[in-house]
Amino acid sequence: MDLKTKKHLLDIASLNKEEIENILNLAENLREILYRPIPKVPTLRGKLIIHLFYEPSTRTRFSFEKAAKALSADTLTFTGKGTSIEKGETLLDTIKNLEAIGADLFVIRHPVAGAPHFIAKHSKVSIVNAGDGTHEHPTQALLDLLTVREKLGTLSGLKIAIVGDIKHSRVAHSDILAFQKIGSTVYVSGPAQLLPDLKEENYYKINKKGFKICYKLEEAIKEADVVIALRIQKERHGETLVPSFLEYHEFFGLKPEHLELIKEKAILMHPGPINWGVELAYQMEKYPFQVILDQVENGVAVRMAILLKLLTGEKNYENLN
Amino acid sequence: MRILIKKGRIIDPSQNLDFIGDILIEDGKIIGVENNIDIKEGVEIIETNNLWILPSLVDIHVHLRDPGEEWKEDIETGTKAALYGGVLRVACMPNTKPPNDSPEVTKYILEKASQKGYVTVYPIACITKKQEGREVTEFGRLKKAGAVAVSDDGKWVQNSEVMKRAFLYAKNFDLAVISHCEDMTLSKGGQINEGYFSAKLGLKGIPASAETIAVIRDLILAKETKKSVHLAHLSTKEVVPFLKWAKEEGIFFTAETCPHYFTLTEKEVENYNTLAKVNPPLRTEEDIEAIKKALKEGLIDVIASDHAPHSPLEKEIEFEYASPGMIGLQTLLPLSLNLVREGYLTPLTLLEKFVLNPSKVLGIDPPSLKKGNLAEIIIVDPEEEYTLTENIIQSKSKNTPFLNKTLKGRVKKVILKEKVFDLTFS
Chain D
1 MDLKTKKHLL
11 DIASLNKEEI
21 ENILNLAENL
31 REILYRPIPK
41 VPTLRGKLII
51 HLFYEPSTRT
61 RFSFEKAAKA
71 LSADTLTFTG
81 KGTSIEKGET
91 LLDTIKNLEA
101 IGADLFVIRH
111 PVAGAPHFIA
121 KHSKVSIVNA
131 GDGTHEHPTQ
141 ALLDLLTVRE
151 KLGTLSGLKI
161 AIVGDIKHSR
171 VAHSDILAFQ
181 KIGSTVYVSG
191 PAQLLPDLKE
201 ENYYKINKKG
211 FKICYKLEEA
221 IKEADVVIAL
231 RIQKERHGET
241 LVPSFLEYHE
251 FFGLKPEHLE
261 LIKEKAILMH
271 PGPINWGVEL
281 AYQMEKYPFQ
291 VILDQVENGV
301 AVRMAILLKL
311 LTGEKNYENL
321 N
Chain P
322 MRILIKKGRI
332 IDPSQNLDFI
342 GDILIEDGKI
352 IGVENNIDIK
362 EGVEIIETNN
372 LWILPSLVDI
382 HVHLRDPGEE
392 WKEDIETGTK
402 AALYGGVLRV
412 ACMPNTKPPN
422 DSPEVTKYIL
432 EKASQKGYVT
442 VYPIACITKK
452 QEGREVTEFG
462 RLKKAGAVAV
472 SDDGKWVQNS
482 EVMKRAFLYA
492 KNFDLAVISH
502 CEDMTLSKGG
512 QINEGYFSAK
522 LGLKGIPASA
532 ETIAVIRDLI
542 LAKETKKSVH
552 LAHLSTKEVV
562 PFLKWAKEEG
572 IFFTAETCPH
582 YFTLTEKEVE
592 NYNTLAKVNP
602 PLRTEEDIEA
612 IKKALKEGLI
622 DVIASDHAPH
632 SPLEKEIEFE
642 YASPGMIGLQ
652 TLLPLSLNLV
662 REGYLTPLTL
672 LEKFVLNPSK
682 VLGIDPPSLK
692 KGNLAEIIIV
702 DPEEEYTLTE
712 NIIQSKSKNT
722 PFLNKTLKGR
732 VKKVILKEKV
742 FDLTFS
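Order-wise, the sequence lines are chains D and P. So in the numbering used here, the last spot in the first sequence is 321, and the numbers never skip. So in the numbering used here, the last spot in the second sequence is 747, and the numbers never skip.
Honestly, the hints are just simulated from the structure, not real lab data. Careful: at least some of the hints might be erroneous.
Here are the simulated DSSO-like pairs of lysine-lysine, each with C-alpha atoms no more than 27 Å apart in a straight line [to be verified]:
no. : chain 1 : residue 1 : chain 2 : residue 2
1   : D       : K199      : P       : K565
2   : P       : K740      : P       : K726
3   : P       : K726      : D       : K121
4   : P       : K509      : P       : K558
5   : D       : K199      : P       : K476
6   : P       : K558      : D       : K199
7   : P       : K719      : P       : K734
8   : P       : K558      : D       : K205
9   : P       : K588      : D       : K121
Some chain P residues near chain D, calculated using beta-carbon distances under 7 Å [stated by the list, open to error]:
no. : residue
10  : K521
11  : L522
12  : L524
13  : E589
14  : Y593
Computed footprint of chain P on chain D; a stretch qualifies when at least three of its residues, placed anywhere within it, have a C-beta under 8 Å from a C-beta of chain P [as the list claims (entries may be wrong)]:
no. : segment
15  : 90 to 99
16  : 107 to 116
17  : 126 to 137
The beta carbon of each residue, even a glycine, is placed where N, CA and C say it ideally should be.
The following block holds chain D by itself, in its conformation from the complex (with noise of 0.2 Å):
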């Protein structure tokens, strides 16, 4: 996403290195906005976005609207209850329908793979994927980056470990793709069912050395710079692919006694919402370089970026002061 040339926000595989750079620059500089008496700057006044949830989200819906606000964009949301979705209506008729209303933009998270891809074939206006079924969630990718960027002062060399279901994670995905693609190297450990396939392997590599799959927790978790601990997609799946969370905890849980393993000074990040005592022990809350919350405000950031970007190019950026 040049978002000069790009429309939309699909995923982080179409993205290459100078334009996340380039989304994570500005969130930083609009990050200081949320910190003024009034957190609100006029630049998309008029812009109407509209929030399209298929699927349940608390924090990636409010973390999207309070962006929009903070801009001054007008913003509906909707969710599948209570709208035409429960009569039948189509995807693409629901689309069209609020583009004829005037949307200058949507947000969409939906249950299956591809959804914002497939209205951005179909759309006049601008598309940002919130999360698609199993396959991305861009924004998350970013908001990560941003945060691990401000802990650490750097994004290359790094090593990120990543543990729990990242076969049906998308923010897995987005994380495993983007790390990558900024320099560093990705790790990912769990149940071997809920890793990728092994011919799915030569896709997450996009560098040589850049990716590895560990069936031990502690290969993944070894001197890592960066531990992010995934829930288990119990939904997603629909049947429990582990034997128990008991014995999911035993081995795959993150414990204390991990602690000794990573990086002095490792920051630990979970993209929510957290099943304490499953993939995290109640204790690590307590763990001082825990940035959980971190990330949820630089959420807000990331979205704000993007939403500038798309709506209005780079050019009105000079005029956030």
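Once you've looked at the hints, dock chain P against the given chain D.
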């Protein structure tokens, strides 16, 4: 009425013929096949200028969607597409609505085909009631009503005991058993081939093992029951060694593939292109190569279209919600001619897979250019290049990744009994 087809390359696998000559037809019957037939009076002369003169193709894997889904296709439009594809005999799969699991549905299909159909239709009935995989249908009454084979196409009979019972009971009635080989416990929720693109698109992959395991089980059951099984639409290189093994073991089976499995790779689904969503899924270059070699070595006997019409209602939607399948009757021959161009098959061996072998599977006399046979003749220009426009497609549905692409090889004329159809237009 007499028709004289002049100076074409006559290729007929039933007589092992491949020569330049003439064919004379009287009242819908072939009465002469010679190097040169010189009659000028009282005949309609069709000059072919060295085009190919072939017996009709037999497509044993077609979805006509009638009864129940006539917005996608019906018996009239589906058989018209067949005619334009040079397929004067089609066998139609039973996953209609209701499914063809009763003599009533079989009779409905045959009756409508006799009234509205352009070509001969052979109904295939379900193996199990409602295709639920539990109870075997009334094979006897279905056969009597006109069914030539049984298949739960679209679904595998997952229960091995039920499938074995079907193999055995089919022996009573000489019914062909056609198996859609897919272990559905492995493919559940799958959208495309498992591999690079399933990772890239975030779609659940269908592993090759889903097909291979199903093929192996059905071969074992065929061995145990000494009943031949026809393995539909094979797509993966992994099954090929097992086909070779089964030949060595002397197991009765025939195997089929479709042009898309030796023409397209999984890359077609990029950008969530639902036109390339098909079951089994498109796979890789290596699979294409293995399927072509298996055709060459005679491990795969039949090429069929798996013509599967869907309207925009089923295709212009989210990928996971889109129905699998592509139309194929009019691309069947042009795409398969590539096998001849690339040297995998000769015109004669290609026609074995289009005419002789599928007829053998169904237990019917094959279309033939022998004297005395009814005329079921197609005239083909193997070199003509043209764009496959919506206009050319005779199906109600236009769902094919070859839409607006260039094809090479075209059916120019069809002589079906007394009727001559001129199919050239653009």
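Taking the hints in turn, this is what the structure says about them:
1. Only pairs whose Cα atoms come within 27 Å are accepted, and K199/D paired with K565/P is accepted, the gap being roughly 25 Å.
2. A hinted pair counts as satisfied when its Cα atoms are at most 27 Å apart, and K740/P with K726/P does not qualify at roughly 31 Å.
3. Simply put, K726/P and K121/D have alpha-carbon atoms about 20 Å apart, close enough for the 27 Å limit, and the pair holds.
4. Simply put, K509/P and K558/P have alpha-carbon atoms about 21 Å apart, close enough for the 27 Å limit, and the pair holds.
5. As the CA atoms of K199/D and K476/P are separated by approximately 25 Å, the hinted pair is consistent with the 27 Å bound.
6. Taking the CA atoms of K558/P and K199/D, the gap is near 15 Å; set against the 27 Å cutoff, the hint holds.
7. Only pairs whose Cα atoms come within 27 Å are accepted, and K719/P paired with K734/P is accepted, the gap being roughly 22 Å.
8. Distance hint between K558/P and K205/D is fulfilled; the C-alpha atoms sit about 25 Å from each other, no more than 27 Å.
9. Taking the CA atoms of K588/P and K121/D, the gap is about 18 Å. The hint holds against a cut of 27 Å.
10. For K521/P, the interface hint holds, the least distance from its beta-carbon to any beta-carbon of chain D being 5 Å, beneath 7 Å.
11. Because the smallest distance between the Cβ of L522/P and any Cβ of chain D comes to about 6 Å, under 7 Å, the interface hint for this residue holds.
12. Among the interface hints, the one on L524/P holds; its C-beta lies about 5 Å from the nearest C-beta in chain D, closer than the 7 Å criterion.
13. With a cut of 7 Å, the hint placing E589/P at the interface with chain D is violated, because the nearest CB-to-CB distance is about 14 Å.
14. Interface restraint check for Y593/P: the shortest CB-CB distance to chain D comes to about 4 Å, inside 7 Å, so the restraint holds.
15. Under a criterion of three residues with beta carbons nearer than 8 Å to beta carbons of chain P, the stated coverage of the segment 90 to 99 of chain D is upheld, 3 such residues being counted.
16. Counting residues of the segment 107 to 116 of chain D whose C-beta lies closer than 8 Å to any C-beta of chain P gives 5; at least three are required, and the coverage claim holds.
17. Restraint check on the segment 126 to 137 of chain D versus chain P: 5 residues with Cβ-Cβ distances below 8 Å, three needed, restraint holds.
When each numbered hint is compared with the structure, violations occur for hints 2 and 13.
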